[in-house]
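As given, the protein sequences belong to chains Z and H, one line each in that order. FYI, the working numbering numbers position 271 of the first sequence as 271, with every residue one higher than the one before it. FYI, the working numbering numbers position 230 of the second sequence as 230, with every residue one higher than the one before it.
Calculated directly from the structure, the hints in this document are not laboratory data. Any given hint could turn out to be false.
[What the hints assert, rightly or not] Straight-line Cα separation of at most 27 Å, BS3-like style, residue types lysine-lysine; simulated pairs:
1) Z:K75 <-> H:K281
2) Z:K295 <-> H:K281
3) Z:K278 <-> Z:K237
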Amino acid sequence: MEQSMLEIKDLWKSFNGLPALQGVSFKVAKGEIYGLLGHNGAGKSTTLGIILGMVAAGSGEVLIDGVSVQQDRAKALRKVGAIFEAPAFYDYLSGWNNLKILVGYSGRFDEQSAREVVERVGLSDRIHSKVRTYSHGMRQRLALAQALLPEPEILLLDEPTDGLDPEGIKWFREFILDLRRQRGITVLFNSHLLAEVEQMCDRIAILQGGKRVFEGPIKGLEDGHTRFLIDVAPVDKALEVIATHGGYMESPEIAHIPCAVDPAAVVRDMVLAGIAVKSFHAQHRSLEDLYMEIKLESQLIRTP
Amino acid sequence: MIFFAQLRGELRKLFSKPRTWIGYGAFLAMEVLILFVYKLDRAQANMRGTLEQNGLQFDTYYSSLTITFTIMLLSMFVLGSIFFALVAGDIVAKENEDGNLRLIFARPITRLRLLFVKYVAACLYTMSFVFFVGISGYLMAVAAVGWDGGLFVLEPKMKVFAAYPLWFEGASRLALGALGISLSMLTITSIAFMFSCFKMKPAAATIITLSILFVDMIVQNFPFFRPYESWFITWRMSAWVFLMETHIPWAKILEAFAFLGGLNATVFIIGWLAFQSRDFKT
């Protein structure tokens, strides 16, 4: 892996004796979009809180570009921009004054850069209106503008598309993907909208009950194998052929074949072996499938 | 430079909130009321009696300066303390309640620095408010009774009596007194600010602060505590009035302000420690 922009090392945290995080670790490489998934209460927001120094870790450490948040929070956060679900601005001030105040906490407010960012998020014509007159979508754009000032290297997005309409969600996704293409920005995307995560992220981690129960690339959800729905006879002979290609059978109807293997070659070998092949369909395993499987497995483990 | 930019931001927030201006409106209304009372024949007769008993001329001391002093003496502790506690009690707790702190915590600013900027802003509000009351009260009094005349000071509880027949002398003492009040009021601001840093609602921070001050003031007046009255917060806060004496007892005043300064620093540190140890979940 390339140099990590964000490294979470063995985070533990409990609230009033109840464990919220139990040894969560992961790394986000520079320029990567990393999704953090989990149901409500899984520990996503606590992880984000610890990354920002809003929540003190029970133990463990967070490094942002090599700087420990626990040891020097102010220095570590210099490269960070963050957006939260339903961001709370000062409603009685204009969007511009909100930017001035918030960016002022990071250092000097550069009007030229601010104007460019406001233009980029499409708020130029309303930036001097009071925030109380903004729609939810406009607030999210303002949140994005403040997160991009001054030039962060990593964006922490906590449920940023919640409450947005489909156009808003699409605009947001494309904006983030553009940012990554143009500036190589790193993103930690905390969400429970699986379709969004699937379209945006390179890798994901799934949290459940404060534990990381899965980590892997979105493109390798099949764990290096493609699932096939098959109808073959006899099944035992088909299993032998599949095994010679490095695959296995989950059930008489489902076969897993390594992604590197050409499925046509497997079918050809089956036919040559005298196996009747009535159907052989690749089955895409979505993030939702994976998420539900992991959730089910965890529930089975918890249930004696 | 960055500190001043951050302070400007805090002041911008503070003075853009409608509730910050409620205090200004309330004081203007109260000043009008006091002026109205001063214009009543019965009030004037009372004042004439008090002045002449002390060998002073009514025409010299029935003046804008004397009325301004009365406005500040009567209003600041009771009404002023409510607004100072309200604004300082809000300054951290309200931002936490509204969720504004989350966006600030995503910024590379330490909690100590954030609190310090907010504290300085609250102190500037307090001091500017006292001077606003003094200046607006004086301007209204000038409109009502004219600018000329001396300053008569009578504060029975602290046993302060003084008379300055010349306008310039009276005006400078009044300005010095306003500075003293503004420094004293910082204690209310500091206590409310401390509670604002705790995990509580803004209204609770305001109410607890006011309760402490009123209990302090009441207990101080119990006969048993009379010998120890100088150890009460509100007594120390009233020590500004000694600045109005003909011969200023600097030692007594400095002792009182050192006590208040130490108290302000202590409550700020307690507030910071409480704030520092809190978890702010998103």
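Here's how the hints hold up against the structure:
no.: 1; hint: Z:K75 <-> H:K281; result: 21 Å, holds
no.: 2; hint: Z:K295 <-> H:K281; result: 25 Å, holds
no.: 3; hint: Z:K278 <-> Z:K237; result: 15 Å, holds
Every hint, counting from the list given before, is met by this structure.
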